[in-house]
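Enquirer: If you read the sequences in order, they're chains D and R.
Residue 234 in the numbering used here is what sits at position 234 of the first sequence, and the numbering runs on without skipping anything.
Residue 153 in the numbering used here is what sits at position 153 of the second sequence, and the numbering runs on without skipping anything.
Careful: at least some of the hints might be erroneous.
[Said to hold, decoys possible] Quick list of simulated restraints, FRET-style, between CB atoms:
#, chain 1, residue 1, chain 2, residue 2, range
1, D, Pro239, R, Pro4, 53 to 59 Å
2, D, Gly241, R, Glu124, 41 to 47 Å
3, R, Ser25, D, Ile123, 25 to 31 Å
4, R, Glu70, D, Thr5, 49 to 55 Å
5, D, His140, R, Arg155, 39 to 45 Å
6, R, Ala41, D, Gln84, 54 to 60 Å
Honestly, the hints are just simulated from the structure, not real lab data.
Each residue gets a CB set at the ideal place from its N, CA and C atoms; glycine is no exception.
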Amino acid sequence: MIAITRAPAYLTIQDLGRTGQRSIGVPRSGAMDRLTLEVLNTLLGNARGDAALEWALSAGEITFDEGVRFAIGGAEAVCLLNGQAIESWRTYRTAPGDRLTIGAPSRGRFLYIGVATGIQADIVLGSRSTYLAGGFGGLHGRMVRTRDVLHSVAQSRANEVRDLAVALPADLRPRLSGDRIRFIHRVDENDTFAGIIAGDFVISQSSDRTGYRLAGDTAMSGGSITSEPVLPGVIQLPPGGEPIVLMADAPTIGGYRIAGAVISADLDALAQRVPGERITLAPVTMEEAGAALEERESLVRDVEAWARNHRTRSSSPISIKPLRP
Amino acid sequence: MTFPPPSIHALGDSAVTVRFGDAISGELSDHVLGLARNVGAEGIEGVIEVVPSYASFSVIFDPLVVRFSEVREHVVSILEPFRFSPRPARGASPSRVRLPIRIQVRYDGADVDEVARRTGMSSEEVIQLHSGREYRVFVLGFVPGFAYLGPLDDRLELPRREAPRKRVPVGSVAIAGTQTAVYPSSTPGGWHLIGTTAQTMFDPHADPAALLEVGDRVIFEPIG
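Given the sequences, and given the hints that come with them, work out the whole structure.
Expert: See the structure below:
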C-alpha cells in the first residue's frame with residue numbers, strides 16, 4: 001500500500017499512453033518525459049511501459065505500508081527517505097511505515113516515482129494513463145490527492161534479491177539538459193503556406209500537459225485552417241503568432257497553421273523545460289531525426305542489457321558457463 | 001467535379017499528412033475517408049493508425065519500425081489511381097452498412113431563445129431547421145467522442161459565442177458556424193446550446209467507446 005500523505009499540486013498516474021484511437025478523438029496522454037519512465041521501469045525490472053507516478057510543481061510526501069522497491073528519476077528535487085537523502089536512478093526497498101518526502105523540483109519539471117511491477121490502475125482504452133480532460137484513466141480519471149491510497153500491480157517478485165540500493169551507472173541515466181529542440185519543418189508542394197520558424201524562444205507560463213506556448217521575437221504569420229490531425233510535438237501557429245508545441249494531452253485535431261513538429265527524440269527534453277527557460281528550435285532533416293531516435297532507443301536497450309546482467313549476477317552467485325565442446 | 005490535388009507533407013518524424021485544400025464538403029469528406037481506408041487496408045508495417053479529418057488525413061507510424069520515405073511512397077502509390085477521379089474514392093474494405101443514427105433531443109438549451117432572436121426566427125423554427133435534416137460526421141476531436149456534424153442549415157449559422165462557457169454540461173446539443181455537435185463530456189465550450197440529449201456519446205469503458213465515427217449520418221429527433 002502506497003499512501004499519499006501530502007500530494008503535490010499535480011500528481012497523476014501515467015504510462016506510455018494510448019495509441020490507435022485518435023480517429024475517435026482519444027489523445028495519447030501518458031508520461032510527459034517518456035524516456036525517464038522507460039529507463040526507470042527498466043531499472044526496476046518492469047516492462048518499459050508500466051505505470052508510474054508523475055509528480056510536478058511542488059513538495060509532498062508518500063508513506064509506504066509495505067515493503068516496496070521503488071526508484072525516482074526525471075526532474076531534480078531533494079528527496080528524503082525517513083529523513084535521509086536519497087538519490088535519483090537508484091532502487092530502494094521500503095519497510096512498512098517508511099516516509100518518502102519529495103521537495104519541489106529544483107531543475108526540470110516532471111519527476112517520476114516508479115515501483116517494482118508498476119502502479120496499479122484500471123486499464124482504460126489500452127492504458128493506465130490519466131487523461132484529466134476526458135476524466136478517465138489513472139485514478140478515476142483525476143489527479144491523485146492527499147489521503148489517496150495506491151498499490152503496486154503485484155507484490156514484489158518472490159525471487160527478488162536486490163534489497164540493497166542498486167544505482168544505474170551515470171552514463172546510462174537520461175540527461176535532463178537539452179535546450180536545443182530539433183524539429184522537422186512542414187514541407188508542402190502545393191500549399192501556399194509553409195511556416196518558417198527557427199530560433200530562440202522562451203517557454204511561456206501558459207504551458208501544461210496539453211501544450212507549451214513559446215514566446216519569441218520572431219514575428220510569424222499564424223492563422224486558422226480547416227482542422228487537420230495533429231500529434232504531440234506538432235508546432236502550431238495560432239493567429240497571435242506565438243507558437244504552441246502540442247504535448248501528451250493535446251486534442252487529436254487542430255485548426256491552427258502547422259509549422260512542423262518536434263522530433264520524437266527531443267520531446268522528453270522539451271517536456272522537462274519550465275516556464276521562463278529558453279530553448280532553441282532547430283530545423284533538422286528526417287535522417288537526423290531518425291538517428292536521434294535510434295540513439296534514444298539504444299540508451300534504453302543499454303539499460304535493459306545492464307539490468308539483465310545485473311540481475312543475473314546478483315541472483316545467481318555461482319555462475320557456471322557451459323563448456324564449448 | 002474533381003478534387004483538388006493533394007499536398008503530402010511530413011507531420012514530424014512519425015506521421016504523413018495528405019491534404020486536399022481547405023474546403024469542407026460531403027463529397028470531399030467521402031473522398032478523404034475512402035482514401036484513408038485504402039491506406040489503412042494496405043497494412044503497411046509500422047503504421048499505427050490512419051486518422052481522417054475534413055479535407056485531410058494523417059498516417060501515423062512508429063518511426064523505429066518504418067521510415068517516413070517508405071510510408072510516403074506507399075501513400076503516393078495508393079493515391080495515384082484516384083488522381084483525376086471525378087467521384088469520391090471508395091474504401092477498400094467493404095464498409096459496414098451503417099444506418100443513420102437517431103439522437104433524441106429535448107430542445108431546452110440555454111441559448112435557444114438567443115439563437116432564435118439572432119437568426120430572426122421563432123424557437124420552433126430553429127428546432128425544425130435543426131432536426132429537419134441528416135448530418136454527416138466530418139471528424140471527431142476536441143475531446144474523445146466529440147463529433148463535428150454538418151452541414152447546418154444556412155439560416156442557423158452563427159459565430160461562436162464571444163465568451164465561451166467554462167463548463168458546458170454533458171449531453172448539450174450545440175451549434176456554431178455551419179456545424180452542430182453533442183458535448184460527450186462536460187468541458188469548456190463556446191458553441192450555442194440549443195438542447196440536451198440523454199444519449200451517451202462516449203464511454204471509455206464501452207466497446208466501441210464512441211457512438212459515432214467519421215462518415216456516419218445523424219438525425220436529431222425532437223422530444224417532449
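Enquirer: Indicate, hint by hint, whether the structure satisfies it.
Expert: Each hint tested on the structure:
1. D:Pro239 <-> R:Pro4: 53 to 59 Å: At roughly 24 Å between Cβ atoms, Pro4 of chain R and Pro239 of chain D fall outside 53 to 59 Å, so the hint is violated.
2. D:Gly241 <-> R:Glu124: 41 to 47 Å: holds (45 Å)
3. R:Ser25 <-> D:Ile123: 25 to 31 Å: violated (39 Å)
4. R:Glu70 <-> D:Thr5: 49 to 55 Å: holds (52 Å)
5. D:His140 <-> R:Arg155: 39 to 45 Å: Given about 43 Å between the Cβ atoms, the range holds.
6. R:Ala41 <-> D:Gln84: 54 to 60 Å: Distance hint for Ala41 of chain R, Gln84 of chain D holds at roughly 59 Å.
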